[in-house]
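Peer 1: One-letter residues, chain by chain:
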Amino acid sequence: MMSEVIVVTSGKGGVGKTTTTANLGTGLAAAGHKAVLVDADIGLRNLDVVLGLENRIVYDITNVTDKQIPYRKAIIKDKRYENLFLLPAAQTKDKTAVSPDQMKELCDDLRQEFEYVIIDCPAGIEQGFKNAIAGADRAIVVTTPEVSAVRDADRIIGLLEANELRDPKLIVNRLRYNMVKAGDMMSIDDILDILAVELLGVVPEDEMVVITTNRGETVVQDDKSRSGQAYRNIVRRMNGEQVPLMDLQEGGILKKLRKFMGMK
Amino acid sequence: MLEFISRIFGKDSSPSKNVAKERLRLVLVHDRTDISPQLMQALKTDLIQVISNYMEIDEAALEVSLDSSENQIALVANIPVKGMKRSGKVAPTGA
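Which chain is which? The protein sequence lines are A and B, in order. Quick note on numbering: my numbering labels position 176 of the first sequence as 176, and the sequence is numbered without any gaps. Quick note on numbering: my numbering labels position 56 of the second sequence as 56, and the sequence is numbered without any gaps.
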């Protein structure tokens, strides 16, 4: 089976790594790919609440890497999507509870069973980062159009390449089209100019992300939302499809009406 | 429109994203090299010392930074000269 281990990373915190991991995982599962999401953010467990699976945790990743139980026992199956699984992080331990070698072994076990192994990397460039990338085949770097996030993304891209993870793909999250248009937010081209990496997708700022996350759902399953559409496009690109960037213009009523009437 | 108005009144000469991009570009030139701020400071101190042998310079306003264009890194020094040393005598170079 063709299987891929992908780490979702960013350097800076709060740019949307966990949300991205949850949405890509759900999107891949909904598209029929067996996917396991691994929360490598030990001590700051969050992927479980974002996915709405927080009440079902019995074991965590450290129980598996410490060889107390087989991974199958720790993995939680999402009842809403038959192809979606979660391996939660430990909440009461710290980043040193797992070593890069253990992580590598875990990833190699998981790739026997799953088509996609997606690792949610902690913020920072210390031990947690090193663990999270240890077993990965490729990397997705998430950034937002802010100087701090782009600077950290650049640092992360350098570190990934130093660790033989070449050609990371970029997701620009929380883009605000109106601000870009007014010249008050860096555009996709500005960011790509600076970072010189391949773009995997652009996710517009969208309050539906907050609303769905409140409910323990992922926005990728919301047909009407723009961010959901953006995530679905990314999922298709991950599967090798050529999907053009969506129109990021925030649609007013007039524009929607014109679109509806086929006037574009 | 708002942007246009504020430009007429001369408030913002450049959209803020251009400022962001330029600042980011320069900070990344430093980030991507292994040159520490201490090393830059040492270089600055040495530059002052050497140039002071020949001319009076405004040490406080001296700026030394890295810049890049098309994959080349340049060392850019902006050194305001207060006055030339009139003696015409070249100070001994120590060596």
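You may find that some hints are simply not true.
[Stated by the list, open to error] Think about it this way: if two alpha-carbon atoms lie no more than 35 Å apart in a straight line, the pair counts; the simulated DSBU-like pairs of lysine-lysine are: (1) A:K12 - B:K21; (2) A:K169 - B:K85; (3) A:K73 - A:K34.
These are calculated hints, taken from the structure and not from any lab test.
Peer 1: Please go over all the hints and tell whether each is borne out by the structure.
Peer 2: Going through the hints against the structure:
Our distance criterion of 35 Å between C-alpha atoms is met by K12 of chain A and K21 of chain B, whose separation comes to about 18 Å. Simply put, K169 of chain A and K85 of chain B have alpha-carbon atoms about 57 Å apart, too far for the 35 Å limit, and the pair is violated. Of the supplied pair hints, the one linking K73 of chain A and K34 of chain A holds, its CA atoms being roughly 17 Å apart against a limit of 35 Å.
Checked against the numbered hints above, the structure violates only hint 2.
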